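J.: Here are the chains, one letter per residue:
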Amino acid sequence: MDRELILDVRAVSYRYPETARDALAGVSLVARAGEVHAVLGPNGSGKTTLLRVALGLARPATGSAAILGQPAAAWSRRDLARIVGVVPQREDHLFPQRVRETVLLGRYPYLSVWGAERPEDQAAVDRALARCDVSSLATRWIWTLSGGEYQRVRLARALAQEPKLLVLDEPTASLDVRHEMELFELVRALADQDGLAVVLITHHVNLAARFADRVLLLADGRTAGDGAPADVLTRETVERVFAWPVSIASFDGRPQMIPLRKQEEHS
Amino acid sequence: MRWLGLMVVVVLALALAVVLGPAHVSLADLTTSDIVRSLRLPRALLAFLVGGSLALAGAGLQALVRNPLADPSLLGLSGGAGLGAVLAIALHLNSPWALPLAAFAGALGAMALVYRLGLVGGAELDPRILILAGVAVGAFTAAVTTALVSLSDAAELRNAFLWLWGGLSGASWDSVLLLCVYAPLPVAVLLAAARPLDLLALGEEPARHLGADVEAVKRRVYLAASLLTAAAVAVSGVIGFVGLVVPHAMRLLWGHRHRPLLPAAFLGGGALLALSDTVARVAVAPRELPVGIVTALIGVPVFVLLLRRWTAS
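Here the protein sequences line up with chains A and B, keeping their order.
Using the numbering used here, the first residue of the first sequence is number 1, and each one after it goes up by one.
Using the numbering used here, the first residue of the second sequence is number 1, and each one after it goes up by one.
Just so you know, the hints here were simulated from the structure itself, not pulled from any lab data.
These numbers come from a predicted model, not from an experiment.
There is no bait here: all hints are sound.
Covered stretches of chain B, as calculated for chain A (at least 3 residues, CB under 8 angstroms):
1. 60 to 72
2. 196 to 203
3. 206 to 219
A virtual CB, placed ideally from N, CA and C, is assigned to each residue, including glycine.
Produce the entire structure from the sequences given, and follow the hints as far as they go.
T.: As structure tokens, this is what we get:
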């Protein structure tokens with residue numbers, strides 16, 4: 001595999017101050033150009049902490065996190081923002097904003113302190129809007145968007161950063177099936193056609209299994225499995241990690257999880 | 001067009017401040033009159049600089065503490081300045097610079113205290129704690145100030161009262177020059193933070209992902225806004241509502257992006273205070289209203305309207 005290695009997190013451990021146990025213990029995660037790497041795990045399993053360590057926002061106690069070969073914490077936020085675009089789980093909208101203004105924020109790491117936005121910045125915004133199919137929304141206020149539109153706009157802002165690595169933290173929480181599928185298809189296309197490396201944190205085991213090249217399964221801050229979906233998402237592993245009986249079926253050559261009803265155990 | 005309109009308002013406000021006054025100066029004598037040259041002109045310029053500083057500091061602080069109702073006086077600086085000034089009056093310090101220096105020292109003391117309290121875990125500046133600390137320090141200094149005022153004799157009481165409500169009667173070319181030398185650095189720091197403040201409105205973590213050095217931005221904006229406010233309070237006393245109302249008025253016209261908003265707030269704040277000061281000088285001539293009363297009489301109704309809109313949405 002000679003695809004460019006963008007993110008290389010090796011055996012990191014992290015413990016929040018004044019807590020008794022590690023939030024992460026010996027977890028590794030790699031992201032390569034053109035690949036979608038999904039991170040799965042129950043609530044509190046360390047997904048978001050792993051993200052913070054990978055992006056240099058938290059320093060691991062042991063292990064290392066490197067982006068393009070340089071320690072994540074050694075990057076300036078500005079330089080890193082040109083390499084990594086993030087769609088965070090939550091953000092505030094303190095002041096009302098239009099779609100185009102929001103996407104233009106993605107150009108911040110390219111702008112000088114006093115200089116205005118340049119034609120190339122506007123062009124990057126146009127490309128990002130078009131790529132996410134939200135060009136027609138450019139003049140709309142953010143608060144008038146539907147959930148699916150809103151997520152695509154935030155993805156466009158991350159693309160305006162012209163990153164090599166895209167990180168999405170539960171991008172489809174509270175979206176309906178169509179918008180969920182549209183977003184996953186778009187993310188897959190960004191990896192296949194635009195050569196982006198993608199790290200996707202999600203609760204959707206089945207969508208991760210169908211769209212991701214690799215799956216990292218976390219349980220209590222430890223790696224329960226890392227590899228191709230079919231290798232990681234076995235019945236034994238999934239039942240242990242999510243503490244619920246499941247059945248695994250194969251669809252399109254990908255494992256799909258069906259949670260079982262409690263009664264079916266006894267019959 | 002909007003900028004042209006704002007510039008016209010600024011020029012008009014300054015022109016009115018120079019032309020109008022209790023003493024009649026004919027238009028023909030305007031350039032040769034001593035009253036205009038040594039009283040009205042420096043006073044108009046000082047009002048403009050102070051109003052601009054307060055409004056700019058207010059706009060920056062609203063984004064920093066992520067609260068659209070923030071105002072420089074919420075950060076305890078005005079309370080500290082008031083305490084310093086009243087102490088100087090109570091101690092009969094009579095040199096012309098004693099009062100502004102004492103007020104400035106009081107404001108810096110309050111700023112240092114609030115900043116220290118706002119540092120959580122010794123490293124990160126927490127804007128929510130910053131506001132609480134500011135309100136607490138403000139309340140405490142106000143209590144001490146009131147105690148001092150209530151114990152002082154009548155003449156001192158009147159002086160202290162007038163100072164606390166703010167006024168530009170102490171304006172001189174010296175104070176204008178002082179502010180012209182002092183203000184550019186904090187003003188430049190705030191204007192340079194315009195784009196990071198746009199990012200900060202999304203939250204600290206999203207701002208970091210977009211490339212902002214959040215801790216540095218918070219420190220710079222807080223210190224620059226505080227230093228501007230401290231100087232403004234030192235030369236003119238406590239002038240309320242300019243820092244709250246003007247940024248909001250400018251948001252209605254320029255939107256929420258800080259690159260146009262911050263300079264617009266400076267110009268708008270300067271124009272409002274120059275106008276208010278003219279009203280303060282002329283309304284009950286030959287006596288003078290404290291300018292803080294005029295800005296509050298204009299500002300409080302606007303504030304109530306904003307509050308109603310804010311709670312309705």
